[in-house]
Structure formats: structure tokens, C-alpha cells
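Asks: Chains as they are written, first to last, in the working numbering: chain A, 53 to 167; chain B, 2 to 116.
Hints listed in this document are in silico derivations from the structure and should not be mistaken for laboratory results. Hints may contain errors.
[What the hints assert, rightly or not] Residues on chain B that point at chain A, a partial pick, calculated with CB under 10 Å:
hint, residue
1, 44
2, 45
3, 54
4, 55
5, 116
[Stated by the list, open to error] One side only, chain A facing chain B, incomplete, derived with CB under 8 Å:
hint, residue
6, 64
7, 100
8, 138
C-beta: ideal position from N, C-alpha, C; glycine also.
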Amino acid sequence: ETGVTQSPTHLIKTRGQQVTLRCSSQSGHNTVSWYQQALGQGPQFIFQYYREEENGRGNFPPRFSGLQFPNYSSELNVNALELDDSALYLCASSLSSGGRSYEQYFGPGTRLTVT
Amino acid sequence: AQTVTQSQPEMSVQEAETVTLSCTYDTSESDYYLFWYKQPPSRQMILVIRQEAYKQQNATENRFSVNFQKAAKSFSLKISDSQLGDAAMYFCAYRLKTGANNLFFGTGTRLTVIP
Numbered sequence: 053e054t055g056v057t058q059s060p061t062h063l064i065k066t067r068g069q070q071v072t073l074r075c076s077s078q079s080g081h082n083t084v085s086w087y088q089q090a091l092g093q094g095p096q097f098i099f100q101y102y103r104e105e106e107n108g109r110g111n112f113p114p115r116f117s118g119l120q121f122p123n124y125s126s127e128l129n130v131n132a133l134e135l136d137d138s139a140l141y142l143c144a145s146s147l148s149s150g151g152r153s154y155e156q157y158f159g160p161g162t163r164l165t166v167t
Numbered sequence: 002a003q004t005v006t007q008s009q010p011e012m013s014v015q016e017a018e019t020v021t022l023s024c025t026y027d028t029s030e031s032d033y034y035l036f037w038y039k040q041p042p043s044r045q046m047i048l049v050i051r052q053e054a055y056k057q058q059n060a061t062e063n064r065f066s067v068n069f070q071k072a073a074k075s076f077s078l079k080i081s082d083s084q085l086g087d088a089a090m091y092f093c094a095y096r097l098k099t100g101a102n103n104l105f106f107g108t109g110t111r112l113t114v115i116p
């Protein structure tokens, strides 16, 4: 059983650019959640995908968008990068079934630096 | 709105001693989950322990136990026989049982273990 993986590990972008972060969910999981963790803070929920549809969204602007693929892997896209987007981006996968949601397992994160 | 508060930014404990990390939360819901996550310098968020709100019995996982006081909306983590490997950021988190299962995190407590 493979765990949650994320790529890349680190990324440096310039303000105004666009970035795509990737996440492979744990085997058997069908739900992916993305979180932003600013330095010295707890993670903040961005959005969640279940069976390729957005299934909940936190207080983030539309320039944060996502996708989930048939194999349940996911992408987080951020357009028009701002300095405040510098953070650790965490992906978590889980199983949702029969109206129940099970534990979220986190990947190692992608550290994004915007200059 | 759901909020999670960790009032101890930093804590330290002598190796082999016991330490308690505090967490309070605010919710109008009656059925939910509470969690403690550990985030070592490797950045990967690791689930330490989980508590279901409707269960009166406090959860225990080896050296880790919680004191769940539902009426007071308090959820503290006790680490017994502290080990050097316990040094990390600890985050308290909450999520609903139904609907979007995103986690709400506190701001974390940095635990230092002194040899």
C-alpha cells in the first residue's frame, strides 16, 4: 500500500505566475483535500474533491482551482501568484463511502515560495 | 463557525516525563471528531489520536491519551514517558461527522523534549 505523495517538494515562482501542484492519493482512497499552511500557522482548508467533483471549499479566491482525475490523483492550480501564497501546501487523501468519511492521510507537502 | 484554539505556542518536557497540551474548540454541532496531529520537521502530518464526540471514554494510543470534556469544549493531549522522537509541532483539529469532512486546525504547539 503506497502512501500519499506530492510533487514537487519545493518550488520557487515569481509574483503573477501560475503554478500546478500534484498529489497522488493513497491506494483505495477516493477523496482528496488540499490545505495551505503558512509559516507558523495551522493548515487552512482550500477545497476537497470527491469522485472528480469539488465537494467543499474554504475561504480561498477563485484563482485557487483544482482537478481530480479518474485514478483519484489531484492537482492544485494557483493563478496570478501573490507573495502571500508562499506556504506549505498539503494534500490529504481519505475514503468516503456510504455517507461516511474516514481518516485523512497527509502527504509530505510542497513548499511554494513566491518572490 | 468552527474554531480551534491552542493557547500554548511552545512547551517543553524532560525526557521520560509527562506533558499535557491544551486545546479548546467552538462548535454548535453535537456530533464530530477531534484529533491530535504531529508534524515533525519532515513536515508530514501524522495522526496521533482521534476522539469521537459521542463517546464519553477518553481515547488512548500507547503513551498518548486525551482528556475530552465535551461540555467545556476542551480536548487536551497527554504524552507519558516522553521520548526525543516526540519533539514536533502538535496540532489539534476538529471535523464534522457529516457533510464536508474538512479539518479545522489550531495554530499548533511546539513541543521540545529535553534529554
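Asks: Run every hint past the structure and note whether it holds.
Replies: Against the structure, the hints:
1. 44: OK, holds: residue 44/B within 10 Å of chain A, min 5 Å.
2. 45: Status holds, d = 5 Å.
3. 54: violated (15 Å)
4. 55: violated (14 Å)
5. 116: violated (26 Å)
6. 64: Violated. Min distance 17 Å.
7. 100: holds (6 Å)
8. 138: violated (15 Å)
Checked against the numbered hints given earlier, the structure breaks hints 3, 4, 5, 6, 8 and satisfies all the rest.
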